[in-house]
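A.B. asks: Spelled out from the first residue to the last, the chains are:
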Amino acid sequence: MAEGMGVGAAVRRREDERLLKGRGRFTGDIALVGMKDIALVRSPLAHARIRAIRVPPEHQGAVFTWADLAKGGVKPIRAVSGLPGFKISDQPPLADGKVRFVGEPVAACVGRTRAEAEDIAALVEIDFEELPVNADTLESARAPKSKIHDHWSDNLFLEADTVVGDIETIAASAPIKVSRQIRMARQCMVPLEGKGVVAVWERQAEQLTVHTSTQMPHIVRQGLAECLGVDQGLIRVIAPDVGGGFGWKGLLQAEEVIAAWLARALDHPVRWTEDRREHLVAAANAREHRYDITAYADATGRLLGLDARVLVDAGAYSAYPFSACLEVGQVGSILPGPYDFAHYRCHAVSVCTNKPPIVPYRGVARTGVCFAIEQIMDAIAGAVGREPHEVRLLNLVPPEKMPFVNVTKKHFDSGDYPESMRRAVAAIDLAGIRKRQKKGEADGRRIGLGLAIYCEQAGHGTAVYHGWGIPMVPGHELAQARITPDGGIEIRVGLQSHGQSMETTLAQVAHQVLGVDISKIKVVHGDTGLTPFSTGTWGSRAAVMGGGAVAAACKVLVERATKIGAHLLQAKPGDAKFENGFVRAGLGHVPLAEIARVWYRAPQLLPSDVDPGGLDVTAGYKPKSDQGTFSYASHAVVVAVDTETGAVEILDYVVVEDAGVMLNPMVVEGQVLGGIAQGIGTALYEEVPFDAEGQPLASTFADYLVPGFPEIPPIRIVHMTTPSPLTEFGQKGIGEGGAIAPPAAICNAINDALKPLGATLTDTPMSPKRVFAAIAAAVPPVGGPTNGRRVTPLGVHSHDDSLAAGNKP
Amino acid sequence: MKPVDFDYERPATLDAALKLLGREDLNAKPLAGSQSLGPMLNLRLVQPELLVDITAIPELASIREEKGFLVLGACVTHAALEDGGTPDPTRGVLARVAAGIAYRAVRNRGTVGGSLAHADPAADWVSVLAALGADVVVARTGGRRTVPAKDFIRGTFETALGPGELVVEIRIPALSANARWGYAKICRKAGEFSHATGVVLIDPARKFARAVIGAVSGPPIVVDDAKIAERDPGEAWVSALFAGTPLGDDAYQIRIHHVALKRAIAEARAP
Ligand SMILES: Cc1cc2nc3c(=O)[nH]c(=O)nc-3n(C[C@H](O)[C@H](O)[C@H](O)COP(=O)(O)OP(=O)(O)OC[C@H]3O[C@@H](n4cnc5c(N)ncnc54)[C@H](O)[C@@H]3O)c2cc1C
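So the sequence lines, in the order shown, correspond to chains G and E.
Everything in the first sequence is counted per our numbering, starting at 193 for the first residue and increasing by one.
Everything in the second sequence is counted per our numbering, starting at 20 for the first residue and increasing by one.
Some hints here could point you the wrong way.
Stated by the list, open to error - Below, simulated SDA-like cross-link-like pairs (lysine to any residue); rule was C-alpha separation at most 25 Å, straight line:
1) E:Lys21 <-> G:Arg638
2) E:Lys21 <-> G:Asp311
3) G:Lys961 <-> E:Pro265
4) G:Lys961 <-> E:Gly237
5) E:Lys21 <-> G:Ile222
6) E:Lys21 <-> G:Asp895
As the list claims (entries may be wrong) - The calculated label-pair distances, taken between Cβ atoms and stated as ranges, are:
7) G:Ala618 <-> E:Thr105: 49 to 55 Å
8) G:Ala884 <-> E:Asp170: 35 to 41 Å
9) G:Gly421 <-> E:Val125: 48 to 54 Å
10) G:Pro973 <-> E:Gly253: 24 to 30 Å
11) G:Ala634 <-> E:Pro192: 35 to 41 Å
12) E:Asp170 <-> G:Arg626: 53 to 59 Å
13) G:Ser711 <-> E:Glu286: 53 to 59 Å
14) E:Pro192 <-> G:Thr305: 46 to 52 Å
15) G:Leu315 <-> E:Gly253: 53 to 59 Å
16) E:Val125 <-> G:Ile280: 27 to 33 Å
17) E:Val65 <-> G:Met227: 25 to 31 Å
18) E:Asp170 <-> G:Asp282: 56 to 62 Å
Quick caveat, the hints were computed from the structure, so don't treat them as lab data.
All figures in this text were calculated on a predicted structure; none of them were measured in a lab.
Cβ atoms here follow ideal geometry from the backbone N, Cα and C, with glycine treated the same way.
Please take these sequences and the hints and turn them into a complete structure.
C.D. replies: What follows is the structure, encoded as structure tokens:
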């Protein structure tokens, strides 16, 4: 085998040749003859009835509303959930009589250029009757100002309770009780490339071809067919190069439905390209969680029970296919984190508000959940007067208990969680930092050390998803593998690679099985016309599921090639074996290219009982259990806090992660680094605040801050490798992991730095202003750490609206 | 986010530019580096009929020394000042300030004149040129006048420019050999507009000591008072200064403006 091309090799990304030279082909690069551009008239109001839409007479025929789409048979986007009590929201791609968030599309205008389409859009007048706005999560849940969906009884998509053990008894007897109210701000995902769609009705193929910047072409096809009321066979969805998704491209979008319908109705190609302002306004759709969380522990810090009330702000509609139940479902089931304890209660509510529909963003609910539980672990440590890592080590599932079924019945497959924590603490030099803290900084800043650990369920399938009853349940993953007549390999997957490097890593997998040089292995993805069905690239599933499927298909090729090779070598099939691209028997060998030549061009030489399916196969894969692999990581960070201005600087950042067997360590590190950059954004910078009228207050990058290169510190990554017992090569999904822990680790570090002042931060982003406010409101601690019963946290919260009490903010 | 239709001219002489800008039959706007105007056009916050690109006019791009003054053409870019190589009688102020504006890509195109004319109170040159005691020379067809930099900005996005007027040059008095200065800009990330700016300039030979508090809700606050410029006046002083302004009730704004001032003072005092 050519060394250094298979599983485990740090092969350079093959996709970079075009991407780094600016030669990628994104939706914005597609130009079709006769193509026109779409500009959308979006709602300027968060909640209002539409009394009338007036189109200037000279632009009749260039402006389309829901009335046109409905007449054309278009149905609203509907993402249901089978969970009991879930309320269904219909999302018409263009507003139907009512708008429910600022930025909701109301009319589609078509022009020869985008500028012309925007000129037309500026002339469309809408008569609104304003309705009371539900901008605040808690208020919409407890004291709604109006009903967002008229036929609902309240503004709640779903309430879900998870109860294990007996939390009341624990509450009455535990020596230590700590509580926190914690909030994660609403965010945008800001991929470098925004969304984009180019749709064309192709007469010769009798097919609607929809080029769209998506993570899940097959699911978009399914959703489009449902909304347009046509057969799936009529639609081909192609994802060209996709410049980042992070979840924002893991859904069926209203704009996709609009463009697809217009292309057919107008009989010319149309394009819609999301601009940054549309993104920041209409796609402010991620992360917004609120936690009211209490932990009970014994006097050593051993966690006895966890009790939480959680609100997820799901926005105005249930997004397709993940629905408005995904995040609350996750919160309830993964809040316990990597810890071993027995008593748990979680009341999680998916609240409908007049904001854009929530969409799972890299890490999904785990980022919020980790932010909550890791703050609580530090609070316990403070209450019992121990180092935060000591309390974690007491409570983490130990390696000897693996595989482990936790309090919410999650099947942790493998790993050594405590060891990753120990290594992180050693790498960040906890002892050195404590010494440095005692000495103080020359520049007057305060430094702090923060830790966070999580485990990430990835590549989970039917076992997990069928219970939710959403429009998509992953099953077996398929891959197609083909040997070309000249001995090259073509791999086809229904996944879509938009930064995950699959054109490289899946080729490595094929190389691992077939031994063919990866320069001769082509990976085709992201096109429903060319690839087998897949739910797409989400949930850190591609390495596990795609890797497994590609290996499975290549193994069938090995079997078939071996049989032909044996015949050519005049050996019994049982005496021949496949090795590094050759079939060997006795002293003879025959290369794969020769076997391919015979199959395609000299079939007279084939054995009479050859498999007529030949060297072109589709195979499926499912791991031994599809409960998911559990990768995990400990993050350790040192920050310096300027207590005058509230500015936070990250001085050092260490990640100790376990991705199982890495298909490509360089790619794993790239995923981790990118995720951490986004996590730092969540921790320190990113927020779309909304005013009481539901107006988003950050609609350009001047107000919506994302970290740039100068804000990302050098990050040290330490690998641990515990192969997953469930997967083909022992690999685990890690695509989201980097984005999960940074807010928690950074928050804990800031709080560590501010501990002597008695200030505590609990909300993202931890902006200078929030740090300043926390310090200003702080009550300095008296004496040392507090011991004993009923300890409540020191310091302040920037909000005191307890979810349990139902107070208003 | 596409601009409305507009016409575009790129005259080679100042006279031609002034003539176009002086036209009363259409709404014309000068275009320099486009780093602020570009976004405004895309957001359709401005909808001009004609853009007059002034970057091909040689005299607007020149830097020259003239009897105790450094004279910058309006179209001198931040990058040109950052890179130095030109005379600098400001003892390093210009290069240091230029290097802290935005990112290099923005600095390559953004101009000093555009920065002043855009009149964002948070812009670096707005505070710094006021501190340096610079004059802004503006021209229209048939006339020129000079406005002190500290009076050039009238409010947020408001300037002393009249219809058809163009900033043509900025005259910066040379500092004495023993002059000292300090500059502090507080922002959340590299390349961001300032949230609070402090500039201090002490020039004993020319007998002045000046402190500027910038990135406020209007023109920068210029204080010609050695007591302030030489010694931290304390947060209460800033608080009193802001009383009755939109920042007056904002403890955080008062804090960071005080810190910026304090740091500028400390830098100016440092040996
Ligand atoms: C990402 C980003 C970050 C930035 N950060 C900073 C920062 O930290 N600090 C800072 O100070 N600035 C910052 N800026 C602004 C930057 O410095 C711009 O260069 C400056 O504001 C405008 O200069 P310009 O030459 O690009 O002017 P333009 O954008 O071309 O014009 C701006 C305005 O001035 C008018 N105008 C231009 N030239 C003249 C003239 N000679 N006479 C009369 N009117 C004229 C135009 O008509 C327009 O109204 C930033 C900009 C960006 C895009």
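A.B. asks: Confirm or reject each hint.
C.D. replies: Hint by hint, here is what the structure shows:
no.	hint	verdict
1	E:Lys21 <-> G:Arg638	46 Å, violated
2	E:Lys21 <-> G:Asp311	9 Å, holds
3	G:Lys961 <-> E:Pro265	17 Å, holds
4	G:Lys961 <-> E:Gly237	21 Å, holds
5	E:Lys21 <-> G:Ile222	19 Å, holds
6	E:Lys21 <-> G:Asp895	20 Å, holds
7	G:Ala618 <-> E:Thr105: 49 to 55 Å	52 Å, holds
8	G:Ala884 <-> E:Asp170: 35 to 41 Å	39 Å, holds
9	G:Gly421 <-> E:Val125: 48 to 54 Å	49 Å, holds
10	G:Pro973 <-> E:Gly253: 24 to 30 Å	28 Å, holds
11	G:Ala634 <-> E:Pro192: 35 to 41 Å	37 Å, holds
12	E:Asp170 <-> G:Arg626: 53 to 59 Å	55 Å, holds
13	G:Ser711 <-> E:Glu286: 53 to 59 Å	57 Å, holds
14	E:Pro192 <-> G:Thr305: 46 to 52 Å	50 Å, holds
15	G:Leu315 <-> E:Gly253: 53 to 59 Å	56 Å, holds
16	E:Val125 <-> G:Ile280: 27 to 33 Å	48 Å, violated
17	E:Val65 <-> G:Met227: 25 to 31 Å	29 Å, holds
18	E:Asp170 <-> G:Asp282: 56 to 62 Å	59 Å, holds
Violation of the numbered hints given earlier is confined to hints 1 and 16; the remaining hints are satisfied by the structure.
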